[in-house]
Structures are given as C-alpha cells and as structure tokens.
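Chain by chain, the residues:
Protein chains: 2
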Amino acid sequence: MERINIGANTSLPMPVTLIGSIVEGKPNFMTAAWVTRINATPPYLAVGLNKARYTSLGIREKRTFSVNLPGTDIVRETDYCGFISGKNADKSKIFELFYGELKTAPMIQKCPLCIECRLVDVYEMPTNNVFIGEIAAAYTEEKYLTNSELDIKKMNLMILTMPDNHYWAIGEQVGDAWSIGKKLIKEKSD
Amino acid sequence: MERINIGANTSLPMPVTLIGSIVEGKPNFMTAAWVTRINATPPYLAVGLNKARYTSLGIREKRTFSVNLPGTDIVRETDYCGFISGKNADKSKIFELFYGELKTAPMIQKCPLCIECRLVDVYEMPTNNVFIGEIAAAYTEEKYLTNSELDIKKMNLMILTMPDNHYWAIGEQVGDAWSIGKKLIKEKSD
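Quick note, the sequences are listed as chains A and B, same order.
When we follow the numbering used here, the leftmost residue of the first sequence carries the number 269, and every step to the right adds one.
When we follow the numbering used here, the leftmost residue of the second sequence carries the number 269, and every step to the right adds one.
No wet-lab data here; the hints were simulated from the structure.
Treat each hint with caution, since some may be false.
Identical copies look the same in the list; a pair holds intra-copy or inter-copy alike.
Straight-line C-alpha distance at most 25 Å; calculated DSS-like pairs for lysine-lysine [stated by the list, open to error]:
#	residue 1	residue 2
1	K330	K294
2	K450	K319
3	K378	K422
4	K378	K330
5	K355	K319
6	K450	K361
7	K361	K378
8	K411	K422
9	K319	K330
It should be emphasised that the depicted structure is a prediction, and the values quoted were computed from it without experimental measurement.
Construct all of the structure, not just a fragment, from the sequences and the given hints.
If you want it as structure tokens, here you go:
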C-alpha cells in the first residue's frame, strides 16, 4: 500500500460547538470546533480560537464562557455564527438564551448540551489563543436522557471535518469503549 | 423547557485516535480522544494524556509522536490499546507499521489517516499532560481520496462519546461549512 503525504494542514473529525460569551455587554456566539477535554480532575476544556476573534475579548473580560453543542436542526444558525463576526452583527437575538450558576456565560436553549466554564488560563500560540476552562456545570433537558443518562441518539449533534468543510451527523454505534477490545484478550488466550 | 444540571464531568463527541510513540525502544500505541487542532499556522495539535501514561515517556524522549485515525474495521484493536498499557504488554506487533520523515513516530498502515508530529511543548495540568505537536506530515492512501481530496465517507472514522462510552460511525452529511449559513443572510435581506 502506497502512502500519500497530503501535507501538514490536516484535521480530525471535530465536535461542532458554539462558544458563548458576553462581549461589550452583549451575548455573543461563535462557531468553534477546536475544542476538547484536556484534564480529568478538575474537568478542564481547551478551546483554540484565532487571536483576532471578537469572542476573545469577552472571555478575557468576564473570565467565563459557554460551550454549546447544537443539533442538526440549527445547522444554518450554527454555520452563520462561524463567518459573521460579533464586531459587525448583533448575534444576541439569534437564539433564546439561559444562564447558569456563573451568570455571565450565555447558553442556548435549543442546544441539547450546554457547558459553562470558568476561565483557568490562556495559552498564547502563534496565531491562536487556547482558552482553558474549568467546567462548572453542564445542562440538558429531560428529552435527551435515557435512564437519567445523556442519550447521544436523541441529541443529533454534529461533527465537522476539514479541509473538506462538511458537517456530519453522528451515525451508527460501532461498539462499547473499554469493552469491545476485551474480545481480543479472549481470542489470544483461547 | 426545564434545564437539568448533569454535573461538570461531561464530554463532547471526540475523534478516536491511536497515539503512536517509541517507548523504551519499542513502538507503542494508546487510544486517545482528547485531541484537537489548536493552532492554525504552524499547524499544531494538542493531546491530553493522563500523567501516568506509558506513552508520555516515549513522547518526551523522542520528541515525536503520531496521531493515527482508525476506521471501524479495527475498533477492537483500537479499544484494546486503550485499556492495556505498554508497561504490561508489547503492543508493537498489533499493527503493521510505517514511518515518515520524522523516523521515530510509528504509524499504522491500516489507518486511513496518520499524522506525524514534532513535540513543541508540554503543558502540565493537574492530572494530565497536554502534548503540543507541530504536524510535520499527514499520510493517507489513494483509496481514501476523491478528486485528490480526503473523502470522509470512504474512511469510516470513529467518534467517542463519554460518559456513555460508545464508539460511533460518522453519519450523513448535514451541510457545508462556511456555506449553509449564508441562506440566513439571504432570508434576512429578502
């Protein structure tokens, strides 16, 4: 099998999120996919944003932000928040909002999962800032739960891939983590 | 709509990857999902690993690592590499390997996408280390391309969700990023 070098600017499948903050007194949302958990205890998230982003101002000022996971039903609004800057347009009225215990991290009613974070640190990278947030709380609704647990099938979250720039639904279940690999141990010992 | 606080230890849909390194002279692979791009130029990736991980030794010593994206066909091997430590088992023979320009970042032949990274920095978090790698190159095969571009539909990559701990396939295409949201601008101006 011949391997083809496709260059360095490649990407992974990424979660589609809307980062909420209050910037210059107004709730604002921007689409972001460079988001991951980064520490287990306490629970930290990292969000990589281009340094020019309007959202950065709000996160630094209020020292809080939210990570909202939209469903496929609001793909157009989600995409819009990625290329229209809060510098040029008021994005505070696109969604119905709510607030949690941090009070200054606006969250989106329509998102199946909304996470509010306290800013822990900012790492300066060459072109991006990485905001490290400690998760204060995460919110969902009864309709996304099965047996009191989040049910991914009910949430219709989205994945982004680049550089092809497509949004994808989450598909079929492939297996259980920390479980399906145990069959290999069994086979080896058979 | 009543929002339910489900606590702080929540997660996002995450890419399933196998982190490759040479530890104590042997190629080793561990499953990781706390992985994201973190800087645009140069292209950096961040990988959050528990501090006790055997893989950390190898990355620090060789200052290189790989991020391999497995397809659903090797879900069992992928899962196995997540709960069996290289301290206790030789994982160098599970996969057929190849090397790229960095020479010390082992990559997996069977993975549709393999990314090799040069270590840039390590951020120490309370329970995890965050390895920042600059992408040196990414490798695929002809069969995963359409019109010379990576074709996600041909790759069968996986997503992990926690705390439900399921692996998922990538599903249907929902829309084009930096595009589908433009319909909102049109509607507003109509």
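To see whether the hints hold, each was checked on the structure:
When the C-alpha separation of K330 and K294 is checked against a cutoff of 25 Å, the pair qualifies only within one copy, where the shortest distance is 12 Å, while the shortest distance between copies is 47 Å. Taking the shortest alpha-carbon separations for K450 and K319, only the inter-copy value of 24 Å comes in at or below 25 Å, while the best intra-copy value is 44 Å. For the identical chains of this complex, K378 and K422 are intra-copy neighbours only, at 13 Å inside a copy versus 32 Å across copies, given an alpha-carbon limit of 25 Å. Taking identical chains as interchangeable, the C-alpha atoms of K378 and K330 lie at most 25 Å apart only when both belong to the same chain, with a minimum of 23 Å there against 46 Å between chains.
Taking identical chains as interchangeable, the C-alpha atoms of K355 and K319 lie at most 25 Å apart only when both belong to the same chain, with a minimum of 14 Å there against 40 Å between chains. Taking the shortest alpha-carbon separations for K450 and K361, only the inter-copy value of 17 Å comes in at or below 25 Å, while the best intra-copy value is 49 Å. Taking the closest pair of Cα atoms, K361 and K378 come within 25 Å of each other only inside a single copy of the chain (13 Å); across copies the shortest separation is 47 Å, beyond that limit. Taking the shortest alpha-carbon separations for K411 and K422, only the intra-copy value of 8 Å comes in at or below 25 Å, while the best inter-copy value is 33 Å.
Taking CA atoms no more than 25 Å apart as the test, K319 paired with K330 passes inside one copy only; the shortest distance there is 17 Å, against 31 Å between copies.
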